[in-house]
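Taken in sequence, the protein lines are chains A and X.
Residue 72 in numbering that gives the first Met the number 0 sits at position 73 of the first sequence, and the numbers go up by one each step.
Residue 225 in numbering that gives the first Met the number 0 sits at position 226 of the second sequence, and the numbers go up by one each step.
Careful: at least some of the hints might be erroneous.
What the hints assert, rightly or not - Computed spacing ranges between beta-carbons, pair by pair: (1) Val305/X to Lys88/A: 46 to 52 angstroms; (2) Ala219/X to Lys88/A: 56 to 62 angstroms; (3) Lys208/X to Ser10/A: 25 to 31 angstroms; (4) Pro245/X to Ser25/A: 52 to 58 angstroms; (5) Ser233/X to Ser10/A: 21 to 27 angstroms; (6) Pro245/X to Lys68/A: 44 to 50 angstroms; (7) Glu166/X to Lys123/A: 47 to 53 angstroms; (8) Gly158/A to Val305/X: 43 to 49 angstroms; (9) Asn173/A to Lys208/X: 41 to 47 angstroms; (10) Glu17/A to Glu291/X: 48 to 54 angstroms; (11) Glu17/A to Ser233/X: 36 to 42 angstroms; (12) Phe143/X to His178/A: 57 to 63 angstroms; (13) Thr33/X to Gly14/A: 57 to 63 angstroms.
What the hints assert, rightly or not - Think about it this way: if two alpha-carbon atoms lie no more than 20 angstroms apart in a straight line, the pair counts; the simulated PhoX-like pairs of lysine-lysine are: (14) Lys21/X to Lys125/A; (15) Lys88/A to Lys28/A; (16) Lys5/X to Lys105/A; (17) Lys127/A to Lys105/A; (18) Lys116/A to Lys165/A; (19) Lys54/A to Lys28/A; (20) Lys54/A to Lys207/X; (21) Lys123/A to Lys28/A; (22) Lys2/X to Lys105/A; (23) Lys2/X to Lys88/A; (24) Lys125/A to Lys113/A; (25) Lys229/X to Lys125/A; (26) Lys28/A to Lys148/A; (27) Lys5/X to Lys72/A; (28) Lys21/X to Lys123/A; (29) Lys127/A to Lys105/X; (30) Lys148/A to Lys68/A; (31) Lys207/X to Lys72/A; (32) Lys131/A to Lys207/X.
In case anyone wonders, no lab produced these hints; they're calculated from the structure.
Backbone N, C-alpha and C define an ideal beta-carbon position, used for all residues, glycine too.
Here are the chains, one letter per residue:
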Amino acid sequence: MTQMITANNLSKSYGKFEALKNINLSIGKGKIVGLIGPNGAGKTTLLKAMLGLTKYTGDLEVMGVNPFKDRAKLMEDICFIADVAVLPKWISVDQVLDFVEQTHPKFSREKAEKFLKKTKLGKKQKVKEMSKGMIVQLHLSIVMAIEAKILVLDEPTLGLDIIYRKDFYDNLLNDYFDHERTIVITTHQVEEVEHILTDLLFIKDGEIVLDSDMEELTNQYFEVMVSNDNYDDAISFKPLSTRKIFGKHVMLFKNVNRGELEALGDVQRPGVADLFVALLREEEQS
Amino acid sequence: MIKTMKALIQREFWEHRGAFIKAPKIIGIVLLVTTLIAYITIRVTSAKVNGEAILQSGILELKDMSLENLILFWDGMFIGTSTLYFMVLFFVMYFFMLGSLYDDRKDGSILFWKSLPVSDAETVISKILTAILFVPIVYSLIYFVVLILLMIFYSIILLFHGLNPIELVWSPAQFIKGTLVMFSGTLIQAMWALPIYGWLMFCSAWFKKRPFIYSVIIPAIIAFSWYWFKVLTSLQFTNISVFKSPAVYLGHAMFPYSNDYMGFSGIQFNDDSEAQLSEILANLFASVQRMEILYGIIFAGILFSVSIWVRRYRNTT
């Protein structure tokens, strides 16, 4: 499999604060990777390093290129949406399409206009006259009209209401993603992306605490609804976490035989958020 | 490369439409309207006071002028109006350069611009070209149109009074020279202003807050410290040579045709006053040959390069 992004001992410090500590990772072609972590864990710093926006130590290659050295070149093949507020306020829909058309060799204006037709945005409308949701629609229309190899999304749906958020990911998955592309997403709203992810990266205090694909996750981690009768049996398998819902115990297990667990109750794949919390606790205890 | 540059410059005109295109048009409208108001006011008041006798003031005064004075009148008209344009252009450029690498950092849109395959050097160069070439040309073109409108306006009023506009307007007015002063003047102004633009762009890239305050205070502090150092070492309070060279640049950046070293203290003309416009043109072209222009270009080149570097490696949020 082709590696799109590889990092070896990637580190970044701001003064004494180590934002990234010896990160090693590799992201293959056709993946949708969720980069999940608490505030200040280093998510945005890691993305910035990939986009050539920040200096770092260690090795980082994005499509075989050193991103910090060749940012402008790299931007032909990478798109990113950093936050909802980044389109300039004074620009109009027509102007931003004109500008990207002139500067980006892989942009198709036709495609962008097709996406925009589905929205309520007018051609002369300026960004300062748009709601946050509309700005994201515009930005996404541009990004989806670019034949990029990697798409980086940093909290793309922050501050949007639920309808826009759902549309955003639906569009992304249906009209954009085609297994030739790679998407890296950070978000706090894990529940909304977990069904589209192929891989997970958990980051905490500048370190990767979990690097796994969803399939592996399904084979390794199990969430079991345990009734009171089976509680003591279940505890003997050492669950990573336990919480009580409607009189039942929801327990999270790692590397336990699935058959044995099925005797205790319904087995399913854990939610990413629950898994994340459990893993962080485990880290803290050890 | 050229396509990208064109898009980048176009972009500046979109963002600064008001200052780059509307402002020079508005000055033109104001000039025309004040001329009209002056004409009407004089007509009304003079008609009321004592009829025919004072009617001949204002525009109609042209009727009694000698050819020599007519030429002088129109020279004065061109010099006065172009001076207004030079000053406005300089102030517009001052704030454009000050915001050039700062505004998009403030509103976060820098991340959008940096998400496109455009290098930081291209971005910075497009802003410099906008300031020293494209906006001056736009100002000159609009000035050219305003001049024609102003002369047509005078002609209509004169015709209305049965006077000959060819004789009073079109023949004595040195229209070609007047527009040449503007076209060459705005570009020569930009050459003198280069070190100032370089400093402003540097402030724009470097400071995280309030680039305007820094752009003024830092040169002031340096100049006054140097002045006090001179005073303490030579005990000459009146030695203000420290302020002289900044004043030369600033003076020419605002009034590109000034020919004295202090820039501000007035424009000197020969007694042979017929040659006003010609003399201004001569001053303009003489000023380009001065060594200060070369020093200014070197100084600006260094600061522009530092700005590219800062934009590239430090301005990422």
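What are the numbers of the hints the structure violates, in ascending order? The structure conflicts with hints 1, 2, 5, 6, 8, 11, 15, 17, 19, 21, 23, 25, 31, 32, although it agrees with all the remaining ones.
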